[in-house]
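Chemist: Sequence:
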Amino acid sequence: MKIRLIGVPTFSGSLYSGTETAPTALRHAGLKDLLRKSNLEVHDLGDISLPSYLPRHNIAPVRNWPSPRIIWEELINKSQEIFNLEDFSLILGGDCSIITGTIQGLYNLFRDKVYVICIDAHLDALKPSPDTCVGAAAMGLWFLCNHNMFYNKPAEFNSSNVFVLGTQQNYEENYGISFYSLNNLRLQGIKASVYNLLTKIPKDSKIFIHFDLDAITKDELSAVYAPSDNGFSIKEAKELLSYIVQDSRVIGIEITEFSAIKDESGTEAKKVVNILSDALANLHTGNLKKFHSL
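With the first letter of the sequence shown counted as 1, position 278 gets the number 277 in numbering that gives the first Met the number 0; the numbers rise by one all the way through.
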């Protein structure tokens, strides 16, 4: 299986820098070599092109706007190069806001067949407010699932196309998005939870994974933009990801929120590349074929 690797070195959706350093750090940590040892061919497309100037400001409602949208448009423009059904796409973010451009690009190719599994400590569906300046990293799913004045959402992409795994709090408004809390995943078991989720997704779908590294506890992975006091252990995260990628409908994954400026020794980056290489060694093995819905 060939991996199409591309970097998105941006922090346009965030207040502070750090996530823009992740693609280079993860490559330097030996990602490509480890993937090849898992019998995966790697085609590195480099990083997406970014303009020399991206606005940064703290003006409500969306911090740094329109910088996040500029990044989305570049991802959309490169979607045919990034995604190919014969290959598996691995996107190295970047902050969480890149999900909007990634999914729009996928939607342009596969329309309503696109489903998203988010592994995330939070439900990134915050509605912009004229009274508060917040980064787009907290709003990605809201832009995708709600008609709004900032961005033309994919017409046939809705909250029913999204599943979020690993949330650590309750939400008064979830916009109809299905989510599995960290506590429930542990109570029901990771394998059983993946079984339950995959049976809800149509056989002819194209599944994409959004993996926010804040889903992992800071005790085991601290070089994250906003580390979690609680979260998956690395073992649990690897297990969860391994079960999901066994499904042949999964066509790609993006990794977000790694902050290499918090990782002077490079040991944290090596943890991330080990999670990815170990999980992707199970890519499309078909062991979860029986979970496909009818």
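In case anyone wonders, no lab produced these hints; they're calculated from the structure. Note that beta-carbon positions come from the ideal geometry of N, C-alpha and C, so glycine has one too. Where hints are given, some of them may not hold.
[What the hints assert, rightly or not] Straight-line Cα separation of at most 20 Å, SDA-like style, residue types lysine to any residue; simulated pairs:
| no. | residue 1 | residue 2 |
| --- | --- | --- |
| 1 | Lys237 | Arg248 |
| 2 | Lys237 | Ser221 |
| 3 | Lys217 | Arg248 |
| 4 | Lys217 | Lys237 |
| 5 | Lys234 | Gln187 |
| 6 | Lys269 | Leu39 |
| 7 | Lys77 | Asn57 |
| 8 | Lys31 | Lys217 |
[What the hints assert, rightly or not] Across the chosen pairs, the derived CB separations fall in these ranges:
| no. | residue 1 | residue 2 | range |
| --- | --- | --- | --- |
| 9 | Gly45 | Asn183 | 18 to 28 Å |
| 10 | Thr198 | Tyr15 | 38 to 48 Å |
| 11 | Tyr52 | Asn157 | 15 to 25 Å |
| 12 | Asn157 | Leu44 | 21 to 31 Å |
| 13 | Gly188 | Arg55 | 41 to 51 Å |
| 14 | Gly175 | His27 | 20 to 30 Å |
| 15 | Ile260 | Asn57 | 17 to 27 Å |
| 16 | Asp130 | Tyr15 | 15 to 25 Å |
Chemist: If a hint holds in the structure, say so; if it does not, say that too.
Modeler: Evaluation of the provided hints:
no.	hint	result
1	Lys237 <-> Arg248	holds, 19 Å
2	Lys237 <-> Ser221	holds, 16 Å
3	Lys217 <-> Arg248	violated, 31 Å
4	Lys217 <-> Lys237	holds, 15 Å
5	Lys234 <-> Gln187	holds, 17 Å
6	Lys269 <-> Leu39	holds, 18 Å
7	Lys77 <-> Asn57	violated, 29 Å
8	Lys31 <-> Lys217	violated, 25 Å
9	Gly45 <-> Asn183: 18 to 28 Å	violated, 40 Å
10	Thr198 <-> Tyr15: 38 to 48 Å	holds, 40 Å
11	Tyr52 <-> Asn157: 15 to 25 Å	violated, 35 Å
12	Asn157 <-> Leu44: 21 to 31 Å	holds, 30 Å
13	Gly188 <-> Arg55: 41 to 51 Å	holds, 44 Å
14	Gly175 <-> His27: 20 to 30 Å	violated, 41 Å
15	Ile260 <-> Asn57: 17 to 27 Å	holds, 20 Å
16	Asp130 <-> Tyr15: 15 to 25 Å	holds, 22 Å
The structure shown violates the earlier hints numbered 3, 7, 8, 9, 11 and 14.
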